[in-house]
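Asker: With the hints as a guide, dock the two chains, each given alone in a separate frame, to form the complex.
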Amino acid sequence: MAGPVLEMRSIVKTFPGVKALSDVTLTVRQGEVHAICGENGAGKSTLMKVLSGVHPHGSYEGEILFEGELCRFKDIRASEQHGIVIIHQELALVPFLSIAENIFLGNEHATRGLINWNETLRHATELLRRVGLTDHPETRVADIGVGKQQLVEIAKALSKKVKLLILDEPTAALNDEDSDKLLDLILELKNQGITSIIISHKLNEIRKVADSVTIIRDGRSIETLDVKDPGTTEDRIISGMVGRDLDHRFPERTPHHPEEGTAPALEIRGWTVHHPIDQQRKVVDDVSINVRRGEIVGIAGLMGAGRTELAMSVFGRTYGRYAGGTVLKDGREIRTKTVAEAVANGIAYVTEDRKHYGLNLIDTINRNISLTALAKVAKRGVVDEHEERQVAERFRKSMNIKAPTVFEPVGKLSGGNQQKVVLSKWIFAGPDVLILDEPTRGIDVGAKYEIYTVIDKLAAEGKAVVFISSELPELLGMCDRIYTMAAGRLTGEFSRAEASQESLMRQMTKDKEVTR
Amino acid sequence: MSTDVTAKSPAPAPPGGTGSASGGGLLHLVLDGLRRNMRQYGMLLALGLIVALFAVWTDGDLLLPRNVSNLVLQNSYILILAIGMMLVIIAGHIDLSVGSLTAFVGAFAAVLTVQHDIAWPVAVVLCLLAGAVAGAAQGFFIAYLGIPSFIVTLAGMLVFRGITEILLEGQTLGPFPDGLQKMGNGFLPEVGPETNYHNITLLLGFVLIAFVVLQELRDRKRQQEFSLDVVPLNLFLLKLVAIAAALLTVTLLLASYKGAPIVLLILGALVVGYGYLMRNSIFGRHIYAIGGNLPAAKLSGVKDKKVTFLVFLNMGVLAALAGLAIAARLNAASPKAGLNYELEAIASAFIGGASMSGGVGTVLGAIIGGLVLGVLNNGMNLLSVGTDWQQVIKGLALLAAVGFDVWNKRKSGS
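Top line first, the protein sequences correspond to chains A and B.
Going left to right, the first sequence walks through residues 1 to 516 as our numbering numbers them.
Going left to right, the second sequence walks through residues 517 to 930 as our numbering numbers them.
Accuracy of the hints is not assured; some may be wrong.
As the list claims (entries may be wrong) - One side only, chain A facing chain B, incomplete, derived with CB under 7 angstroms: (1) V343; (2) G346; (3) H356; (4) G358; (5) I362; (6) L371; (7) V382; (8) Q390.
To be verified - Across the chosen pairs, the derived CB separations fall in these ranges: (9) V638/B with E387/A: 38 to 48 angstroms; (10) L670/B with Y322/A: 30 to 40 angstroms; (11) G789/B with E387/A: 17 to 27 angstroms; (12) K412/A with G784/B: 52 to 62 angstroms; (13) E387/A with F920/B: 30 to 40 angstroms; (14) F920/B with T134/A: 46 to 56 angstroms; (15) Q89/A with L781/B: 54 to 64 angstroms; (16) L730/B with Q89/A: 51 to 61 angstroms; (17) N924/B with E90/A: 22 to 32 angstroms.
If you're looking for bench data, these hints aren't it; they were derived computationally from the structure.
Every value quoted in this text rests on a predicted model; they were computed, and no experiment measured them.
For each residue, glycine too, the CB sits at the ideal point set by N, CA and C.
The shape of chain B in the complex, shown without the other chains (with noise of 0.2 angstroms):
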C-alpha cells in the first residue's frame, strides 16, 4: 500500500536493466534513474536543498524535536488541503472556495460544540457533512450545469466567507471541548517503561517502516510472477534503505520529543489513501482521464461529470477536515481563519508537479510541495523574517518550481 507514497509513482523499470552492476555501474544507475524521472525527484531534491540551508543558517533549530512537531501541526492543514487541490487540478479544475470553506466549517463547528454544547464527536460528523454538501453544491453546478470551476468556487469563496462572519457575527467564538482541541495540538497517549523516546510513537515507527519494506518486497516478486523487468537488486536495495533511513528520522525525532501529533496520523492516513486511490482505483485512473483528454475521456465511456462530481464532493469533505484542524489548533473560530489558504493549496499543488491544464500529479508530489512552503514559512520564522518578506520568497519560489519544471520539459522535449 505505502508503496505509492514512498516510491515514486509509475516507476519504470530501467530498460535492459540486468541488476548484475558492481560498484561503479550502481552509482551510475542512480544516477540514470534520477535523470530519468528529473519531474518526480527534483522537487523531493528542492525540499531536502531547503531543509539543509535552513537547517545551517539555523543553526540546527530547524530540526530540533521540539520544531520538526511544530513544523506538522502548523502545515498539517495546507497539506490536507492541498492533497484535495490536487485531484481538482488533475481533474483540470481548480477551487478558490476552500479558504472560505475552512472557515466556515470553523464557525459551524463552535456553533455546534459551543453554543449548542453537541457532544464534539457528533459535531465532527455534522461538520464533515456540512463540508460534503458545501463540495456537491459546487460540483453540481460546475459538472451537471457546466459552469467553469473557477467562478463557481469563486462565488464559493465569497458566499461561504459571507456565512462565516453571518454565524459568528464577526466574533471569535472558543474554547472547543477537549476532544475536539486534541485534533489539532494533541499528540498519542504514551505507555510503557520510561526509555528517552515516545514508546508508541517509536512502536509505531518501527511497524511503518517495516510494512513498508514488506509492501516494497512482494510488490517486487509479484512484478517477477508476472515475467516483467523488475529494478535491478542493488538499486533496489538502496531505495529500501533510503526510505527507510528517511522514516526512520522522522521517527526518532518525533518520539524524542512529545511523540506524534494526532493530526500527523489523520495526515498520513489520507496520504496513503489518496495516494493508493490515484495511483489504483478506477475512480482515480478516471480522474487522470478527463483532466487528460476529456473528450477521449467521454468516449472511452468515463462518466466524467459524475467524476467530477465527486472530486469536488471530496474537496469540500477534506476542506471541512482541515477547518476542524485550524479551529482545534487555534481553540476557537474566526472570522478570518483560512483566510489565503486556498491559494497556498493551489501554490502546494503546483510546486508538486500539477500542470494548469490538468491530468498531471500525484498525490506525494502536492505533500512535497506543501512540506517546501511550510519549511519556509518555518524556517524563515526561525530567522525572524518578516511576512512581508516572506510573502515575497514564498512567491519567488512558486515562480522558480514551475519556472524549472517547465525549462526541465521544453529541454527534454523537441
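The following block holds chain A by itself, in its conformation from the complex (with noise of 0.2 angstroms):
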C-alpha cells in the first residue's frame, strides 16, 4: 500500500463567531481517490480552502503536509505550483473566452507579453484529448454543455501539471451520462497517477470511484473508510454523516387511493413547448399528466427530459415558446398565461434553483415568504408589518428554519434552511396544487428528511403534489405514482407498487436514440 502524499494533521479555523473546523485530520495515499463526505455545513469546503491556500497559512491553526514536506501557502498560486489543484463546484470560466484560452488564463503560452497562438492551440488540443473532448479549442465556452466546461476545467488543471486534484461535487449540475464520463475520467487520471479528493453527497458515486472516504462532521473528521470494505454500505456511511442511524429516511405515508368519478386537481393535456431560442426543437412534446388531491406524483427523467421545461411552461408561461396543449383545473379549463393567474388558480412552483429563482437573498426571511402573497398581510395595499412578521414566525416554528430571528438575510441560511423558506413561501400562498422541482437538491441528509415530512403532511391536508426529482429512491419513497420523461416525451406511468428504480431508469432512457 502506498505511503500518504497529504497529511493534515489537526487543522482547526475560526471566523469571526464560529469555528468552522475544530479539529480535522486527513490523511491521503499517493495515488487513490479519496471522498470526503459529510452533510452541508459539516466543513468539507472550508477544509479543501485551507488545503489550496484560499484561506492562507497563519489563518489556521494545525499543519499540513504535502509530498512530506511541510507547507505554508499564502495563496491558491502557491498551492498550484506544488501541484494542488481545486476545481470549484461553481465552474470559474469565462464564458465568451474560448476553451483554449480559459484553459490558459493566468498561465498563458507568450513571450514578453504577446500570446503564442500557436503553442496555445497545439497544447490545448493535447490536453483536451487526455480528458476526451472532441470540440475545437477556439470554441467558446458559452456554446458547450456543463458537463464539457466540466472537463475543460480538469484539462486546466492538466496543464498546471497537476499531482493532486479537488473536485468540490463535480457532477452536481451534470446529467447521468456526463456524470459517469466525469468519474471515469477521474478513474483514468487515477491510471497516471494523479491524486484525487472528491468532495460528494452522492452515495453511489463515491462507491464507483473512490478508495477511501473521510467523513466530517460538525467541523470534525470522524472516520475514515475503505470503500471496499464490504462493511462500508451506503447506511453506514449515512449514519456516520449525521451520527444516528437512518432506518427511516422516508416518513410513514399512507398511499393515496384516489375516488373514481371525481376530476383530477390539477390535469395538463397534450403539452408542447418550443425552445425559447432554437424554435424548431420541441423541448416538451405532447405531455399529458394528471394529479389528484392528496396525492403525491412523481416524475423522473434524466437532465434534458424537459421536466422543469414542463413545470415552468404551465407556470405562467415562464418557460420556452407555448405551442398547444391546455391546462385543467378540477375539471374546468383554466388559464395560466402568466404567473400571477396560476397563483390565482392556486397553482404553486417552487424552482429546483432557489437562489437565483426562488429567493431575494439580501432580503430577510419574512419579507420573502410574504412576497407571493402580501395582499394576505394587507389592507388596502399597505403591508401590516405585525401581521407579517407573526406570519413569518409561525412558519420559522411549524418548518423549523434555522435562524435567529425572521429578520435575518436569507442569503446568510444554509441551503437546507432556504428551501424551507422558499416552502413556506409557497405555502402561505395557499395553493391546491404545488409543483416542487428537486426540492431536495443540495440540502443535507437531516434538512431533507424535514422537507419529506412537510410534503407528506401538505399532501395528507388534501393538496395535489406534482414531485420532480432526480434522485429516484426519493421518488420511489414519496410518491403515489411515477411518471417518467425522456427528451421531452412521457414515457412511462408507474403505481407505487409497479415502479422500481430499475423499471423507472428503463423508461428514462427510452427514445433517447430515437430523436437524436
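Answerer: Now the structure itself:
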C-alpha cells in the first residue's frame, strides 16, 4: 500500500463567531481517489480552501504536509506550484473566451507579454484529448454544455501539472451520462498517477470511484473508511454523517387511493413547448399528466428530459414558446398565461434553483415568505408588518427554520433552511397544487427528512403535489404514482407498487436515440 | 406613520432582550444596537460628525438659525430628486436624465406663466404632468422594450437639455408670479401674539413630535398584541427622547428665524409618504423584490414591467417638482439649470446606503446622504472654500462613504 501524499493534522479554522473546523485530520495516500463526505456546513469546503491556500497559512491552526514537506501556502498560486489544484462547485470559466484561452488563463503561453497562439492551440488540443473532449479549442466556452465545461476545468488543472486534484461536488450540475464520463476520467487520471480528492453527496458515486472516504461532521473528522470493505455500506456512511442510525429515510406514508369519478386537481393535456431560441426544437412534446388531491405524483427523468421546462411553461409560461395544450383545474380549463394567473388559480411552482429563481437573498426571511401573497397581510395595499412578522414566526417554528430571528437575510442561511423558506413562501400563498422541482437538491440528510415530512403533510391536508426529482430512491419513497420523461416525451406511468429503480430508469432512457 | 422615517427601517428586536437592564446594561444595549445596525446608523453618525466639525470650524455659524433655514432652501431640490433616485436605484436601475428634466420643467413653467400668463396653480399641474409624461416615456422604453436604463436616460439627458434650450431660445426667462416664487423661497405665514419664535412653526413642530411619539407607542402596543418581541423599555424610551430632542432642536432653530420654509413642508410630506410607501406598501415591496432578484420576483408573480414603468414615471414627477422648486428659488428659468443634479442625487443615494446591484436602500438613507452633501456644500461656502476644492472634497466623501460600507460589509461577511 502506497504511503501518504497528503497529511492534514489537527486543522482548526475559526471565522469571527464560528468555529468552522474544530479538529480535522486527513490522510490521503499516493495515487488514490479519496472521497470527503458530510452534511452541508460540516466544513468540507472550508477544509479544501485551507488546503488550497484560499485561507492562507496563519489564518488556521494545524499542519499540512504534502509529499512529506511542511506547506505554508499564502495563496492559491502557491498551492498550484506544488501541484494542488482545486475545481470549485461553481465553475470558474469565462463564458465568452475560447476553451484554449480559458485553459491557459493566468498561465498563458507567451513571450514578452504576447501570446503564442500556435503553441496555445497545440497544447490545448493535447490536453483536450487527455480529458476526452473532441471540441475545437477555439470554441467559446458559453457554447458547450456544463458537462464539457467541467472537462475543460480538468484540462486546465492538467495544464498546471496537477499532482493532487480536488473536485468540489463535480457532478452536482451534470446528468447521469456526463457524470459517468467524468467519474471514468477521474479513474483514468488515477491510472496516470494523479491523486484526487472528491467532495460528494452522492454515495453511489463514492462507491464507484473512491478508494477511501473520510466523513466530516460539525467541523471534525469522524472516521476514514475503506470503500472496498464490504462493511462500508451506504447506510454505514450516512449514519457516520448524521451521527445517528437512519432506519427511516422517509416518513411513513399511507398511500393515496384516488376516488374514482372526481376530476383531478390538475390535469395537463397535450402540452407542447418549443425551445426559446432554437424554435424548431420541441423541448416538451405532447405531454399529458394529472394529479389528484392528496396525491403525490413524481416525475422522473434525466437532465434534458424536459421536466423543469414542462413545469415552468405551465406556470405562467415562464419557459420557452407555447405550442399547444390545455391546463384543467378540477375538470375546468384555466388560464395560466402569467404567473399571477397561475397563482390565482391555486398553482405554486417551487423552483429547482432557489438562489436564482426562488429567493431574494439580500432580503429578510419574513419579507421573502410574504412576497407571493402580500395581499394576505395587507389592507388596501398597505402591508401590516406585525401580522407579516407573526406569519413568518409561525413558519419559522412549524418548518423548523434555523435562524435567530425572521429578520435574518436569507442569503446567510444554509441550503436546507433556504429551501424551507422557499417552501414556506409557497405554502403561505395557499395553493391547491404544488409543483416541487428538486426540492431536496444540495441539502443535507437531516433537512431532507424534514422537507419530506412537510410534503407528506401537504398531501395529507388534501393538496395535490407534483414532485420532480433526479433521485430515484426519493421518488420511490414518497410518491403514489410516478411518470417518467425522456427527451421531452412522457415515456411511462407507474403505480407505487410497480415502480422500481430499474423499471423507471428503463423508461427514462427510452427514446433517447430515436430523437437524436 | 412617521415611525418609518424617524425610526430606522426594519427595526429588529434584540434577541432575548428582557427590558430589565439597569444603568450599565442600558449603555451596553445602546452600543449593541448600534453595532448590529452599523449600516443604518453609520451614515447618521457621519452626518452628525460633519455637522459638529463644521460648526466648530465656522465658529457656530453653520448652526445659526438663518443658515439652517438657508441650508434647507438650498438643498431641498437635491433631496427631492434623491428620494426618486433611491427608488430607481433600489429597482436596479439608474436615471441620468433628471438634471436635464428639472431644467426642462423650469423652462416649461416659464413659458406657461411668463409668456402665456397662465395662472400659476394650473401651470404647476401642467408641469407635473409634463414630468410624468417624460418619466413614463423613459419608463416605457426601459420596462417594456428592455433598453438598459443607463442608455435610455443618457439619451433623455441630451434630449431634455436640448428641448430646454429650444424652449428658452438660449435666454433666461423670468420673473415668476408670486405664488410660484413662494414654493422656492417662501415661509409659512405668521399669526398670533409676538413671541420670540415663529408661532405656527412651533405649533407644527410640537404637533409633529406628539404625533411621532404616539405613533411609536401605538406601534409598540401592536407588537405586544401580536406577542412579538419588543425593544427593551429603557432603550425604547431613550430612542423616543433622542427623536423628540432632534425634532425639537430643528423646530426651535427654524422658529427663531423666519419659520419653516414651505419647501421643507413639501419635502417633509414626501419623506413621510415615500418612507411609508417603500416600507409598508405592496408596491414598495415589489420594488425591493425586482431589484434584489428579478427572476425570483417574476416567478413570485410580481409584475416587474409595470413596477419598473411606475418607478420611472414617479421619478419624472419628482424631477418636475424639483424643477419647479429650482425655478421658483432662482425666480427664473435658465438653460443651465439643474446641471449635474442627477449626479448629486445619485451620490446622495449611494452615500445613503444604496447598492449598485439594487435591492437595498431606504428613503431616510437618501435624505441623510443628501444632507451630508448639503452640509459639506454649505459649510465649505461659509469657510470660503472655492468650488474647485469643493468638488474634490465631495468626490472623496462619496468614495469614503461607499468605501466604508464595502469594508464594513466585508468585515461582517465571510
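Asker: Please list, smallest to largest, the hint numbers that this structure does not respect.
Answerer: 2, 12
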